[in-house]
Amino acid sequence: MKRFLVRNTPGFVFLTPWLIGFFCLALGPILASLFLSFTHYDMVADPRWIGLDNYLYMFGRDRRFWKALGVTFSFVALAVPARLIMALAVAMLLDKGLRTISFYRAIFYLPSLLGASIAIAILWRQLFLADGVVNKVLALVGFEGPAWISDPHTALYTLVVLAVWQFGAPMLIFLAGLRGIPRDLYEAAEIDGTPKWRQFTRITLPLLAPVIFFNLVLQTIDAFKVFSPAFIISNGTGAPSDSLLVYTVFLFNEAFKFFRMGYASALAWVLLVIIAFFTALAFLSSKYWVHYENERD
Amino acid sequence: MNATSPELTREMEEAAAVAHRMRVAREKRARNMRLMKHVFLIVMSLIMLYPLLWLVSASFKPENEIFSTLNLWPSEFRLSNYIEGWEGLPISFTTFFTNSLIVTVLSVIGNLLSCSFAAYAFARLQFNGRNFFFALMMMTLMIPYHVVLIPQYVLFLNLGWIDTYLPLIVPKFLASDAFFIFLMVQFFRQLPRELDEAAMIDGYSVYKIYWIIILPLSLPAMATAAIFSFIWVWEDFLPPLIYLNDIKSYTVPLALRLFLASDGTSAYGQMFAMSVLSLVPVVLFFVLFQKLIVRGIATSGMK
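Sequences listed follow chains P and H, in order. Residues in the first sequence are numbered from 2 upward in steps of one, following the working numbering. Residues in the second sequence are numbered from 305 upward in steps of one, following the working numbering.
What the hints contain is simulated information worked out from the structure, not anything from laboratory work. Misleading hints may appear alongside valid ones.
Derived pair list, reagent style BS3-like, types lysine-lysine, alpha-carbon separation capped at 25 angstroms [stated by the list, open to error]:
1. P/197 <-> H/512
2. H/341 <-> P/97
3. H/341 <-> H/595
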């Protein structure tokens, strides 16, 4: 018993803050939220058990839930590939033979740091006004732009553009990955006269697969959780016509505007399941397209 | 023997000339490629920077010029947006910036302390269930904040913490940002174990080893974590939005939103000026610590 204590005490002393946080701020709340999702709870009366009603209402009758789900999936499907392709393309451009790389790298990364701020969300709202800067620039090249944020058909694209503008973080990760590809592979391919695009599909893509996989998982999870820009651009409502009603904005309004805490908890759990599903999907599919360098096939 | 026949010499010279021409052409092609690349990258940099430049220029423009022209250079530089914007809301921005600074600095301290504690335990100490707890910690990385949001809100409400900074700061002292634990574990593992062992033989306790050996050697990792946690907390929006109702306790992002909420059609210049000021600390950190930030992302995959 004494040996057990001697062995374990230091570890758990250092782990204590995290353990308290884990039980009180992570595990406890997750279970509480699961419980609340089966209740009707308005923060005035105690939670009242209603079984599966929240979920039945959500999937069966709540049109806004499906709308929010659709908006979020559209956003993820547009923003994640666009951002990753942009990040990879620019990383490859920067990778070879430029001495000024750190200059460009800094400029391209800056939006990723600032992009999460409310200042930028506010700026975006003004840039995409019907008579805003974007349409003025478009007019210069003889193009009549739409009303962007007040047009339900185009509002989501402003969010996508904002997401692509922040391609810097995955770009840095791609750059680090590209550094790890041995140069002599390209030299050998060059001597064999292999065309460039073939070098890309046969050398770069396969060797970069682990990094692409990592970025894909990270960016997808991130995109599902997008909140601030949608909240600010739509003034907290998801307007126009719910076209900016991403899932988290919907959840926020159910919880903190209408105080349907039970229903919002059910929404939160569905989000958790969706994210877990896509993460698991990525990991399960990875063995078909991701090969790590140190394994033999 | 006619090895050096004039004919052969001429052929060799020709071959050399052809090779030379090819090399020159290749170099020229490479130079052109580089030039094109630079032109492309510069144009792209300008497009990337344009929104930010526009924001800065708008903050100096007279109100009627902001949306009427694409010209980035104001007809006259005006500081009035900054001066009036600072007092443009019912409460002065002095309060908002002070509030933000308090929350951010305390959060950074909390993150560094609690996360390095946990990371030290995971990376350097032996105890039962270490791998199990480490796996749990990694799983919390995936959990969306929205899932824990409502129960946390109920908890903090019952503790009477609404309209205080406790809901924003206390979680940081409980290592709730698992990302930083992960970052530090990666770093701690690289430090040579011989150091711990030598100190152990000299009679140092594990607590002293953490404080005297591990922490000082981990300055780069600590700095990276500090920078990112400063920037993220500074820009944080959802938690303050939920926990702070009293305008006197607002942080800068919440205050900026007030410019939008008030239907002030005339306060764009002020809103942009204060937006610029809110970005200054982030840009400053970026300029000062660019190397650490870039390396931090490349090695840990943070956003």
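| message | Are any of the numbered hints broken by this structure? If so, which, sorted upward? | response | Structure breaks hint 1 only.
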